[in-house]
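Engineer: Letter by letter, the chains look like this.
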Amino acid sequence: MQASENAVAPSLEAKAYCLRLYVAGKTPKSILAFTNLTRICEEHLLGRYEIEIIDLLENPQLAQGDQILALPTLVRRLPEPIKKIIGDLSNTERVLVGLDLRERR
Amino acid sequence: MQQKSDLALLANPALRYSLPKSPTGIRGLDEITLGGLPQGRPTLVCGGPGSGKTLLGLTFLVNGVLDFDEPGVLMTFEENAGEVASDVASLGFDLPHLISTQKLAVDYVRIERSEIEETGEYDLEGLFVRLDYAIRSVGARRVVLDTIESLFAGLKDQAILRAELRRLFRWLKDKGVTTVITGERGEGQLTKQGLEEYVSDAVILLDHRVLDQVSTRRLRVVKYRGSYHGTNEYPFLIDEAGISVLPVSSMALAHDAPLDRISAGIAHLDGMLGGKGFYRGSTILVSGAAGTGKTSLAAHFLDASCRRGERCLCFLFEESPQQLLRNMRSIGVDLEPWMTSGLLQFHADRPSRYGLETHLATMHQVVADFKPTVAVLDPVTNLMTVGTFADVQAMLTRMIDHLKTENITALLTSLTPGRTEVERTETSISSLMDTWIVLANDDLGGHHRRGLYVLKSRGMAHSNELREFVLTDHGLAIAANGDAHATAAGVGHRAQEGPEHHAGL
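As they're listed, the protein sequences go chains A and B.
So the first sequence is numbered by this note's numbering: it starts at 1 and just counts up by one.
So the second sequence is numbered by this note's numbering: it starts at 1 and just counts up by one.
The hints are simulated quantities; they were obtained by calculation from the structure and are not laboratory data.
Mixed in with the good hints there might be a few duds.
Said to hold, decoys possible - In silico EDC-like pairs for lysine to aspartate or glutamate, Cα to Cα no more than 16 Å straight-line:
1) A/Lys83 <-> B/Glu115
2) B/Lys21 <-> B/Asp67
3) A/Lys83 <-> B/Glu310
4) B/Lys371 <-> B/Glu310
5) A/Lys83 <-> B/Glu112
6) A/Lys83 <-> A/Glu52
7) B/Lys223 <-> B/Asp239
8) B/Lys223 <-> B/Glu197
9) A/Lys26 <-> B/Glu112
These numbers were taken from a predicted model, which means no experiment stands behind them.
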């Protein structure tokens with residue numbers, strides 16, 4: 001858990017953050033989650049992230065693999081360890097903590 | 001008696017088909033619920049740790065596949081598929097086979113609170129997606145959620161969780177799948193999280209108690225909306241054959257009452273019983289103090305029954321079969337040939353070997369396997385060492401019920417402590433008895449004398465005299481009518497001269 005905000009320099013390896021957002025269709029919550037996520041990434045992980053959207057209505061079989069229950073769920077696949085953040089990501093502070101971009105206080 | 005009114009209602013056919021039922025295939029449970037769980041609706045099964053909730057759910061699923069052509073889904077929150085499979089492999093459930101043949105889908109839901117951050121609004125749609133996917137993948141008609149309450153430990157927002165569970169149970173109902181939801185027993189309520197609030201169709205409570213180091217499992221249908229059901233606590237068993245709830249038969253209350261009679265094996269005793277002996281399918285109690293000849297009387301009955309070619313089953317709670325054979329040989333009753341020929345089977349068990357429910361289940365099984373027409377239980381009073389008074393009475397009621405339903409003539413012996421002729425034990429079970437024969441000792445007058453009388457015998461004219469009898473080396477011989485001091489007529493020995501055998505007891 002050494003990744004604090006200061007430790008991550010923008011010049012580091014590109015796409016270091018591999019994120020996956022699970023949703024079920026275009027619901028208000030999933031749209032809000034996606035908007036919040038891209039905003040946070042643009043602000044804090046510019047150029048170092050990729051987001052994969054998985055719509056479980058189309059690919060229900062993918063829910064089991066990442067142990068998805070709640071939706072929306074953001075899964076940080078890289079860097080390890082895997083982290084999960086559930087909800088519409090409206091609390092930026094909590095998202096940053098969940099992504100290990102900020103110390104839990 | 002609460003139980004009787006229950007049973008009487010259950011026997012009413014008009015109450016039977018009120019609601020479509022999904023049979024569990026669990027012996028006894030389908031009888032109590034008049035056909036199974038409410039079809040297409042959720043049933044809550046709650047109980048403490050180790051009470052058999054998961055096993056009940058799995059049995060419901062596996063029987064659904066094997067016996068009722070209904071594929072199933074197991075969503076487990078506590079163990080992964082491999083662990084579940086190995087847990088039930090010993091019961092002969094081959095889960096991997098059912099999974100590979102697409103009859104069963106297992107989804108292990110694991111939620112680790114430390115890995116999860118919660119921010120903003122969410123729902124449990126992911127759970128719905130998974131369940132829906134699993135149901136569609138096998139065409140499931142049955143679903144088991146074991147134990148969904150684990151979610152409460154994994155998610156912080158309890159309000160969302162409760163709302164979503166309510167939605168889930170509604171959704172399952174709309175899907176029309178018959179669902180078993182297991183829940184851990186909570187303090188002051190049926191489940192820790194009060195799931196009974198959400199599942200209002202049927203609730204089954206499992207209980208596992210250990211009293212005096214004897215374990216007893218009980219099952220109770222707390223609630224069954226739209227259907228009548230047995231409301232008593234029913235003992236149930238988990239053994240190598242899986243779950244069974246006991247007894248099946250007591251729900252019926254429709255015993256035949258045959259008119260044909262069978263000999264007690266002693267001519268004079270038949271004479272005292274209206275001249276023809278016992279009614280077939282009736283229950284006979286033989287009570288008396290130690291050494292009064294109860295087992296001897298039972299041996300005569302067995303011998304005579306075997307002579308007629310009837311299959312006889314003898315439960316021994318005190319002696320070994322060899323002891324009994326030896327003792328009975330000494331009064332000229334040789335049962336060994338019947339044992340050899342297979343007409344007579346002994347089943348000897350120390351009462352303390354296991355709890356009453358297990359005794360009851362074992363007896364059920366032995367009866368089902370051997371299919372006797374005559375049964376002897378000697379002596380039932382020994383069961384008092386493993387249960388309370390009420391428990392033994394309940395157990396005997398169920399056993400007698402079962403024997404009656406099977407039209408098996410049963411003779412039970414009961415040891416009366418001390419000199420009192422009629423003790424509490426007998427009084428408590430005597431109402432179940434059709435015929436009651438009391439044996440008594442009398443040391444007055446300088447020598448040991450034995451007496452016998454028929455205290456009651458339903459549905460027949462019977463003698464109410466006390467008759468003296470002796471145990472000779474060719475059997476138990478009852479004195480002639482009317483004279484308690486007379487010698488044993490028809491037997492070559494006078495009572496005073498004949499060898500006194502304290503056979504059996």
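Engineer: A separate judgement is required for each hint: does it hold in the structure or not?
Structural biologist: Going down the list of hints, with the structure as the test:
1. A/Lys83 <-> B/Glu115: Status holds; Cα separation ~6 Å.
2. B/Lys21 <-> B/Asp67: holds, 15 Å
3. A/Lys83 <-> B/Glu310: violated, 73 Å
4. B/Lys371 <-> B/Glu310: Holds: B/Lys371 and B/Glu310 sit about 10 Å apart, inside 16 Å.
5. A/Lys83 <-> B/Glu112: holds, 10 Å
6. A/Lys83 <-> A/Glu52: OK: A/Lys83 and A/Glu52 at ~15 Å, within 16 Å.
7. B/Lys223 <-> B/Asp239: violated, 26 Å
8. B/Lys223 <-> B/Glu197: Since the Cα atoms of B/Lys223 and B/Glu197 sit roughly 12 Å apart, the hinted pair holds (cutoff 16 Å).
9. A/Lys26 <-> B/Glu112: Status violated; Cα separation ~27 Å.
When the structure is compared with the earlier hints, violations turn up for hints 3, 7, 9 and for no others.
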